[in-house]
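A.B. asks: 1 is the number of the first residue of the sequence shown in this note's numbering; add one for each residue after it.
Because the hints were derived from the structure by calculation, they are not lab data. Check the hints yourself; a few may be wrong.
[Stated by the list, open to error] Okay, derived cross-link-like pairs now, SDA-like style, lysine to any residue, Cα gap no bigger than 20 Å in a straight line:
#	residue 1	residue 2
1	K9	T36
2	K10	A52
3	K306	V333
4	K10	L101
5	K265	I224
6	K281	L101
7	K218	K267
8	K10	K44
9	K306	D131
10	K44	T83
11	K282	P5
12	K10	E39
[Stated by the list, open to error] Ranges of calculated distance between the beta carbons of each label pair, as one might list FRET restraints:
#	residue 1	residue 2	range
13	A77	A20	50 to 56 Å
14	R92	V64	32 to 38 Å
15	G122	A41	47 to 53 Å
16	L47	D87	19 to 25 Å
17	G169	D18	44 to 50 Å
18	L247	F27	36 to 42 Å
19	R34	D87	35 to 41 Å
20	S168	S262	42 to 48 Å
21	I264	Q345	36 to 42 Å
22	N61	I6	35 to 41 Å
23	K265	T58	58 to 64 Å
24	K265	R95	44 to 50 Å
Bear in mind the structure is a predicted one, so any value in this text is a computation, not a measurement. Glycine included, every Cβ here is placed at the ideal spot set by N, Cα and C.
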Amino acid sequence: MDLSPILAKKAERFRELDNAIADPALFDHPQRARATMREHAQIKSLLDAWAARQRAETQRNDSVEMARHETDAELLAMANEETAALDAELARLDREIQLALLPPDPNEDRDAIVEIRAGTGGNEAALFAADLHRMYTRYVEGLGLKIELMDSSPSDLGGLREVVFRVSGESVFRRLRYESGVHRVQRVPATEAQGRIHTSTATVAVLPEAEEVELELKPDELRIEVCRAGGPGGQGVNTTDSAVQVLHIPTGTIVRCQDGRSQIKNKERALNILRARLLEKKQAEEEAAYSAHRKSQIGSGGREEKIRTYNFPQNRVTDHRINLTLYNLDRFVEGDLGGMIESLQTQDMEERLAAAGLAG
């Protein structure tokens, strides 16, 4: 596939963005400035890769030509070795260019709001939800990302019926988006006297955080109530009306936030969660309208999908979307998710390249 016409258009667009960035007035509009700078960086990376590919292709042609006329065995071997190395470099650059040509996902660089809820399995499901919360906490902290607890509902025996937290930093949603769905655990619960393996579930939803300008919450469409926070929490948590519940009247969506003692802070957190849920609903409707019949191997990430099984007796974790099984569950639940997430990203990129007609 001849990419030259596409690259020529990208170079022209890069010059336009250069001119836009040179205008100080751009930075009077922070959101537009961020989008412009992001697009500028993406196209620059693409053009740099294209230039590197052209240089590598010239060097390879020179190496092949040298080998064709070389009579010295040692020099011929060196030329062939250089050609092989340049072939590998060209393949890598071709892949980089293909990926860079994919339409950018507007959500990739967003922060994320993660919701984990205990599913079937009673107390064991709540304990599993708490395990998932700890797993994600260790994973994101290991990446240097910031995590902020927004709401939680503890259960008996130290589990969590529900927990909501925000993750912020670089490319958060791109890393966590594939975690949405039903997670299943198979293990012997601590309360099981007969040593029988039980199966329980928890659901995970990863929502791209919405900005206020994208989803305006009109005051007349909100019903905000304050009440006394419930549950354990030590001195002070049950003595002030700090819990906040927000009802979005048009959709019937209800968000409750009680984890902080500040009513103002809880209201802000509840509105952030509400925006994220409404943005997810809006994007799901748009996706359904434009691609009702498309469903990649990765899946839609819907909460109804069983995406992964955690089998403790066999120290096994299996992702059902890409048929990948790893025997490192002990490390996985301690936050070692990197390999699994990279495999999911790779499969998703393959699907997107094929859909865009760029697969080679």
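A.B. asks: All hints are to be evaluated individually against the structure, with a verdict given for each.
C.D. replies: Now the hints, each set against the structure:
no. : hint                    : result
1   : K9 / T36                : holds (17 Å)
2   : K10 / A52               : holds (16 Å)
3   : K306 / V333             : holds (18 Å)
4   : K10 / L101              : holds (9 Å)
5   : K265 / I224             : holds (14 Å)
6   : K281 / L101             : violated (28 Å)
7   : K218 / K267             : holds (15 Å)
8   : K10 / K44               : holds (9 Å)
9   : K306 / D131             : holds (17 Å)
10  : K44 / T83               : violated (27 Å)
11  : K282 / P5               : violated (35 Å)
12  : K10 / E39               : holds (11 Å)
13  : A77 / A20: 50 to 56 Å   : holds (51 Å)
14  : R92 / V64: 32 to 38 Å   : violated (19 Å)
15  : G122 / A41: 47 to 53 Å  : holds (49 Å)
16  : L47 / D87: 19 to 25 Å   : holds (23 Å)
17  : G169 / D18: 44 to 50 Å  : violated (28 Å)
18  : L247 / F27: 36 to 42 Å  : holds (38 Å)
19  : R34 / D87: 35 to 41 Å   : holds (39 Å)
20  : S168 / S262: 42 to 48 Å : violated (19 Å)
21  : I264 / Q345: 36 to 42 Å : holds (38 Å)
22  : N61 / I6: 35 to 41 Å    : violated (23 Å)
23  : K265 / T58: 58 to 64 Å  : holds (59 Å)
24  : K265 / R95: 44 to 50 Å  : holds (45 Å)
Hints 6, 10, 11, 14, 17, 20, 22, counting from the list given before, are not met by this structure.
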